[in-house]
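Going line by line, the protein sequences match chains A and B. The first sequence begins at 0 in numbering that gives the first Met the number 0 and counts up one residue at a time. The second sequence begins at 0 in numbering that gives the first Met the number 0 and counts up one residue at a time.
What the hints contain is simulated information worked out from the structure, not anything from laboratory work. One thing to keep in mind: the hints can contain errors.
Facing chain A, according to a computed beta carbon distance under 10 Å, are these residues of chain B, among others [as the list claims (entries may be wrong)]: (1) Glu-35; (2) Asp-47; (3) Asn-256.
Only pairs whose alpha carbons sit at most 30 Å apart, straight line, appear in this in silico BS3-like list of lysine-lysine [unchecked claim]: (4) Lys-147(B) - Lys-177(B); (5) Lys-151(A) - Lys-221(B); (6) Lys-137(A) - Lys-151(A); (7) Lys-303(A) - Lys-262(B).
One side of the interface only, derived from the structure: several residues of chain A facing chain B at Cβ under 7 Å [unchecked claim]: (8) Gln-162; (9) Met-166; (10) Tyr-253; (11) Cys-288; (12) Trp-295; (13) Val-297; (14) Ile-301; (15) Tyr-305; (16) Asn-320; (17) Asn-326; (18) Asp-363.
Every value quoted in this text rests on a predicted model; they were computed, and no experiment measured them. By construction, the Cβ of each residue, glycine as well, lies at the ideal position given by its N, Cα and C atoms.
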Amino acid sequence: MGTPIINNRAELRTVLENSLKIQEEEIEDEFQTDKKPKSFIIESNIQQEVIFNKETPVRSFVSNTEDSTLKILKLSQENENAVYYLDLSDRRFWILHTLGSSNIAGKLISKLVTFNPSFLDYPWFSSKSLEEIGKLGKETGFSLKFDNKFLKHTDNSYEEKLQKISMRFWGGQSNKVINNLRKDENITQGVSLSALGLKYNTDTGFIKSNISSIGKFVAMKGDSVDSYFNLISKVKNNYKEFLTILEDNYRMGYEKKENGFKLSGGYTIIEFKKEIEDLISFSEVLTSCSYPFRLWGVYDIIEKNYVKINGIDLHTNNKVNIELTPNWMRIFLPKESCGNVISRLFSNLQNYFDSQITLRGNDDEKII
Amino acid sequence: MRKLSNSTRLMNVFIGLSLPNPHYEPVLYNQGYQLESIEPHFVNTNGDLINPDLQYKSHEDKNLVFIECKLGAIEHEQALKYKNLTKTDIIQSNISSLDMSNSQFEIIYCCDETSKDKLTKGDDLHSYGFSILCCNDNNISIERNRIKGNKLKTILSNQINIPDKIPTSFYPFGPDDKKSHIAMSIFQSLLRLSGEGKEEIGVDDILRDSHPLYDTIHTTGKNKLKEIVGKILDDLDQNDFKDVIKRMRTTKRFRINPRSYKKFRDLCLNKIEQYKMEAPQKSIFEY
Chain A
0 MGTPIINNRA
10 ELRTVLENSL
20 KIQEEEIEDE
30 FQTDKKPKSF
40 IIESNIQQEV
50 IFNKETPVRS
60 FVSNTEDSTL
70 KILKLSQENE
80 NAVYYLDLSD
90 RRFWILHTLG
100 SSNIAGKLIS
110 KLVTFNPSFL
120 DYPWFSSKSL
130 EEIGKLGKET
140 GFSLKFDNKF
150 LKHTDNSYEE
160 KLQKISMRFW
170 GGQSNKVINN
180 LRKDENITQG
190 VSLSALGLKY
200 NTDTGFIKSN
210 ISSIGKFVAM
220 KGDSVDSYFN
230 LISKVKNNYK
240 EFLTILEDNY
250 RMGYEKKENG
260 FKLSGGYTII
270 EFKKEIEDLI
280 SFSEVLTSCS
290 YPFRLWGVYD
300 IIEKNYVKIN
310 GIDLHTNNKV
320 NIELTPNWMR
330 IFLPKESCGN
340 VISRLFSNLQ
350 NYFDSQITLR
360 GNDDEKII
Chain B
0 MRKLSNSTRL
10 MNVFIGLSLP
20 NPHYEPVLYN
30 QGYQLESIEP
40 HFVNTNGDLI
50 NPDLQYKSHE
60 DKNLVFIECK
70 LGAIEHEQAL
80 KYKNLTKTDI
90 IQSNISSLDM
100 SNSQFEIIYC
110 CDETSKDKLT
120 KGDDLHSYGF
130 SILCCNDNNI
140 SIERNRIKGN
150 KLKTILSNQI
160 NIPDKIPTSF
170 YPFGPDDKKS
180 HIAMSIFQSL
190 LRLSGEGKEE
200 IGVDDILRDS
210 HPLYDTIHTT
220 GKNKLKEIVG
230 KILDDLDQND
240 FKDVIKRMRT
250 TKRFRINPRS
260 YKKFRDLCLN
270 KIEQYKMEAP
280 QKSIFEY
């Protein structure tokens with residue numbers, strides 16, 4: 000089934016609702032269904048008119064509907080293409096729905112989002128945020144993914160260190176399973192959620208959806224498209240609130256006044272449970288300009304066990320300065336920088352370094 | 000081992016003490032002293048420019064504090080301006096939100112271990128009457144105690160401990176910093192500005208982008224920074240970066256095309272290492 004052309008939100012609702020009714024053997028291989036609705040939340044720092052007129056790694060074509068905040072977006076690259084319903088009712092967080100192939104739709108969005116500077120990014124749900132999302136309904140399963148990108152073959156006792164974890168679990172009581180995994184000190188640093196399954200009910204019915212840590216939703220089963228919309232909207236709004244806290248409180252501003260400069264805002268601190276053994280090699284990986292960190296940076300040791308990184312968040316071409324020690328890092332963002340870089344950094348350090356890290360503000364306020 | 004100049008460190012230490020943080024006790028913040036202005040500037044009734052480094056206020060202490068970070072000898076002319084400063088000057092300049100009709104003000108000089116003797120001798124000689132604080136590697140001690148604010152007196156009666164690894168990003172660099180340290184901020188700005196699509200970039204654009212308080216730095220400091228950055232850019236233009244950065248003959252400005260992010264990053268890191276090997280540069284006080 001393709002993604003039919005629609006003219007307004009009522010038709011969007013009908014099309015997605017009809018697709019939910021298609022009898023499809025429920026496959027538990029998350030994100031593989033090609034018949035049910037799939038949706039992506041995208042964090043945007045750019046107007047759609049600008050990005051889709053820019054040269055990007057994917058060809059794009061946008062057409063209007065009767066609703067100015069609902070567009071039809073076609074993305075293609077080589078032999079692959081996908082059609083999305085692009086919901087722009089929230090200018091900062093776009094939602095793209097599709098009924099096309101899950102793999103292709105995800106791949107094309109990834110090409111669009113991850114080229115630098117695209118001014119687009121994923122919402123990066125930390126492991127804890129995914130657990131919080133799980134509380135919105137009944138958890139039906141989860142995925143763990145951990146891949147220690149900072150571990151080198153040349154490291155001391157390389158073989159004894161946790162390198163990779165990949166795991167999928169379906170069934171009830173997932174919370175108990177996660178907590179039990181965390182009790183094992185050999186693997187606890189790798190217990191980082193990458194997706195979860197959730198059954199979510201509203202008065203109109205239910206939806207069973209998988210949700211990934213980069214904001215991809217796949218409806219697996221259900222009888223209510225309104226529940227599906229409601230779930231996406233709730234998750235999006237919670238993330239928006241989180242980002243607003245980061246941007247309002249933890250960016251530094253130097254406001255020029257008549258008689259001097261006024262300093263405002265603050266900074267964030269990521270604390271590690273596992274010590275960084277080699278700060279320079281850690282900085283090298285972190286600032287190597289590649290996905291998922293998307294950070295450019297130059298670094299130097301400024302004191303013993305203290306490294307300064309002058310970085311650029313490649314997704315928006317804005318500055319991010321990091322002060323790194325074996326036990327924590329301070330993150331300084333100028334007022335104009337996008338707060339999503341903190342979220343991206345945190346979530347990926349969980350997936351690629353240590354799942355037990357915490358994020359707090361300089362005011363000691365625990366954020367994650 | 001420390002890479003920051005003492006003047007840059009001093010600015011970061013004092014700004015850091017006025018903001019909450021979980022790694023060490025921000026005594027000024029905890030005792031209600033707020034950083035009201037960085038590099039405040041105003042004229043007194045004689046028309047002289049008064050331009051300390053930092054300005055703190057405390058509503059509870061009813062006290063306005065001007066901090067002058069000084070790493071050389073006291074400049075007599077500047078010190079006289081501070082000495083002759085009156086409450087009327089401050090009220091008329093409208094520089095503080097503190098109700099100055101029932102508040103006091105004071106000037107505090109801050110120095111490091113190497114300049115402590117020069118400052119205290121200068122004060123002994125001319126009886127300026129300011130308090131003098133000395134910030135060394137691990138603590139801040141009071142060398143001349145004429146503190147007026149009651150809470151401030153309590154704060155400073157004990158040594159203030161300064162931990163390792165103070166935040167260094169409030170005030171990124173100054174004219175006294177090593178080229179290798181300044182270059183980090185310059186490279187960062189080169190990439191940022193080139194990403195903005197600016198065709199040509201001048202030394203001032205780069206400095207302004209790389210230092211949020213560049214405009215407040217005194218002329219001598221600015222000139223020294225311009226000289227350092229000019230040298231860095233010329234060096235890049237002539238060596239490994241010649242595909243990346245080009246000096247335009249007519250405008251004397253620079254065109255930048257980093258090509259590949261990773262390649263540009265690696266070039267920058269190599270250059271920083273090269274600069275670290277070079278002989279130390281002179282302090283601004285040696286000029």
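Cross-check of the supplied hints:
no., hint, verdict
1, Glu-35, "holds, 7 Å"
2, Asp-47, "violated, 15 Å"
3, Asn-256, "violated, 14 Å"
4, Lys-147(B) - Lys-177(B), "violated, 37 Å"
5, Lys-151(A) - Lys-221(B), "violated, 44 Å"
6, Lys-137(A) - Lys-151(A), "violated, 39 Å"
7, Lys-303(A) - Lys-262(B), "holds, 28 Å"
8, Gln-162, "violated, 24 Å"
9, Met-166, "violated, 32 Å"
10, Tyr-253, "holds, 4 Å"
11, Cys-288, "holds, 4 Å"
12, Trp-295, "holds, 5 Å"
13, Val-297, "holds, 5 Å"
14, Ile-301, "holds, 4 Å"
15, Tyr-305, "holds, 5 Å"
16, Asn-320, "holds, 5 Å"
17, Asn-326, "violated, 10 Å"
18, Asp-363, "holds, 5 Å"
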